[in-house]
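Novice: Residue numbers (the working numbering), protein chains in the order written: chain P, 1 to 254; chain G, 255 to 508; chain L, 509 to 762.
Just so you know, the hints here were simulated from the structure itself, not pulled from any lab data.
Hints are supplied without guarantee of correctness; some may be wrong.
What the hints assert, rightly or not - Below are the DSSO-like pairs computed for lysine-lysine, each with C-alpha atoms no more than 30 Å apart in a straight line:
| hint | chain 1 | residue 1 | chain 2 | residue 2 |
| --- | --- | --- | --- | --- |
| 1 | P | Lys243 | G | Lys497 |
| 2 | G | Lys343 | P | Lys243 |
| 3 | P | Lys84 | P | Lys114 |
| 4 | P | Lys211 | P | Lys67 |
| 5 | G | Lys434 | P | Lys203 |
| 6 | P | Lys84 | L | Lys719 |
| 7 | L | Lys575 | L | Lys719 |
| 8 | G | Lys497 | L | Lys751 |
| 9 | L | Lys751 | L | Lys711 |
| 10 | G | Lys343 | G | Lys321 |
| 11 | P | Lys211 | G | Lys338 |
| 12 | G | Lys457 | L | Lys575 |
| 13 | L | Lys711 | P | Lys203 |
| 14 | L | Lys751 | P | Lys114 |
| 15 | P | Lys84 | L | Lys688 |
| 16 | G | Lys338 | P | Lys203 |
| 17 | G | Lys465 | P | Lys243 |
| 18 | L | Lys688 | G | Lys457 |
| 19 | G | Lys497 | L | Lys597 |
| 20 | L | Lys622 | L | Lys597 |
| 21 | G | Lys368 | G | Lys343 |
| 22 | G | Lys321 | G | Lys465 |
| 23 | P | Lys203 | G | Lys497 |
| 24 | L | Lys592 | G | Lys497 |
| 25 | P | Lys180 | L | Lys711 |
| 26 | P | Lys84 | P | Lys67 |
| 27 | L | Lys592 | G | Lys465 |
| 28 | L | Lys711 | G | Lys457 |
| 29 | G | Lys368 | P | Lys243 |
| 30 | G | Lys368 | P | Lys211 |
| 31 | P | Lys203 | G | Lys321 |
| 32 | P | Lys211 | P | Lys180 |
| 33 | G | Lys465 | G | Lys368 |
| 34 | P | Lys211 | P | Lys243 |
These figures come from a predicted structure and were not determined experimentally.
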Amino acid sequence: LPASEFLDLPPRAGLTHVLDKGLGLTAWRELLDAAGDYVDIVKLGWGTSYVTQNLDSRVELFRSYGKPVCVGGTFLEAVLVRGKLEEYKTFLSEHRISHVEISDGTISIPREQKLALIAELARDFNVVSEVGSKDPSVELDVGEWTTWIREELDAGATKVLTEGREGGTSGMFSATGEMKTSAIVEVADAVGIDDVIFEAPNKAAQSWFIKQFGPAVHLGNIAPEDVIPLETLRLGLRSDTLKEVLGGEPAPAS
Amino acid sequence: LPASEFLDLPPRAGLTHVLDKGLGLTAWRELLDAAGDYVDIVKLGWGTSYVTQNLDSRVELFRSYGKPVCVGGTFLEAVLVRGKLEEYKTFLSEHRISHVEISDGTISIPREQKLALIAELARDFNVVSEVGSKDPSVELDVGEWTTWIREELDAGATKVLTEGREGGTSGMFSATGEMKTSAIVEVADAVGIDDVIFEAPNKAAQSWFIKQFGPAVHLGNIAPEDVIPLETLRLGLRSDTLKEVLGGEPAPAS
Amino acid sequence: LPASEFLDLPPRAGLTHVLDKGLGLTAWRELLDAAGDYVDIVKLGWGTSYVTQNLDSRVELFRSYGKPVCVGGTFLEAVLVRGKLEEYKTFLSEHRISHVEISDGTISIPREQKLALIAELARDFNVVSEVGSKDPSVELDVGEWTTWIREELDAGATKVLTEGREGGTSGMFSATGEMKTSAIVEVADAVGIDDVIFEAPNKAAQSWFIKQFGPAVHLGNIAPEDVIPLETLRLGLRSDTLKEVLGGEPAPAS
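Make the full structure from the sequences, and use the hints.
Specialist: Pasting the structure below:
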């Protein structure tokens, strides 16, 4: 529960998918104590889970707060390059990781192979798949975004991420950080927003999504330090969305 | 006290007004242990205090170090939109918050109403008011900056902040982050620098203010991780201000 | 040891030189617990060690993990301006600091004097010297970079840093952050990469160095929160270097 409720704001809505790249466990614990209601899933970014020396403590911390842990998609791409899929599944199980991201943002994976992979991993894990390239020169058209999102949901993904990276520089963003707003709106019109998590790694993008789709939009790759700020954006308690969420004029003196 | 005093630097001067957006309490405690002398007031940014689940522990931590806690102005603007001013005062009192920021950076508040609000809240709280819009397209002229700062001090504000946001993108900054240096100098010439806190959320701005007005200038919206770096800028112990604060030539060998 | 080894990656290589600007000790301890294998030396940036109030606890923490502590070069430049070299040596010894950086990025020090200073401090400390200016308008040519690096190694520096600042805006970078790639390659061809630490304070620079010189390149001014991400870049577990380090095609299904 928040510190107070006197503003009579609507109840919380929208998933917040948080990107961890190795934040200290005390900082995480205290963030979950202060703002745990606003963290829905934690992604251990790309291959960080392979190199951290206290992975089990990290996973156990999130489990103790009831937060699902997902491993970033680039790790799986590296696994495929090394031909170690079975070992990867064992790694996930041994470390009690329940969610896995399946992406093809770096290497090429034929569509049929990606969909088969989603189906295969969905038997043992909760699969979040990702559409979009990490190469900013790769432009998907609206038809590709739409078809691929639908196919991946049909194959067994519980949600589909739209690529944005940690910096907002590819996928639904240009290399210089501008959002592809008309493509996003068309894709959202076609597939809806309930099954999509939009990667939105900066305040400008988060504000835009909330203004466009409302506070219940699912947002991903949120930095831990932005969990509380994002919640204020959803509630209209920060300048960027205040007028849109709360309305803009002071109430007449009573 | 700093780790050492062998450089015979002048005593510390200038207020450092720090922006909290939900940093973990252990990180805060350790920052105050390492650099508490350089923190003069802590602002709980915009509406973050409404959503954090351990607000009382946070306030108590700052109180135990003798640091006043201020709530950011956008929260009050949201309160006015919802027509909940009395409830807001109760919220502040119940959570033992002594300082409150009054701004009109997002919504329009007629001048007389803003000044009345400052006077009213100044009866129960230490009021820090803010001049400047969060909309980068709004340009105040020097006369407006000067008149409004003076009026707000006269109405009961103990200090007046000049807008800069968390990113340095409005108020005394352009949308692309350039500082409005000639306006700042003219305003400072007119109202002095003792009663003004300049929001200066990045190193370039902090360095400019210190070079322009000296180490005693009051600077605001400083990120917690920049408290120690800012102190080195004030003392001439970082490249950006070394020559201006300490002089630039090595002393002749003795 | 990393969490796992199932990908059969090559052993770790390359020094990671980390820039501290006052991070909390708990965050540091937990980073060293999670990723201590990937931290080779910690630099207390510029004059931060002078102003932090718990310097001895900070140094002791790093010593307890076997990590050498270095003081940033701008501090020494301030010391020279104040004419306090002997007091500085006492300061370092009293605080049990073993490594010292010698730079002339802010003030002018004649070459012979800088080399003499390196030789003098190398009698009592491990000296890391730095070549390059913090003034982005100062352009060294390849001959200067090469000659000066060699001279400083000959004078007693154990490694030489190439300037990049905390932001990647001077030295081997332009004021707007572009890398001087052809100069870097020519300098590296001439002096080799074993005795040089390239300051590379952002992901784009780190990725470029790893792709250009391989995972064993020594990189400096790494932010603590980038220690784990950098290790994934060295290992090919992040998109930016995956193809170059691991190769780019999925292994054929076995």
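Novice: Which of the listed hints are not met by the structure?
Specialist: 1, 8, 15, 17, 23 and 33
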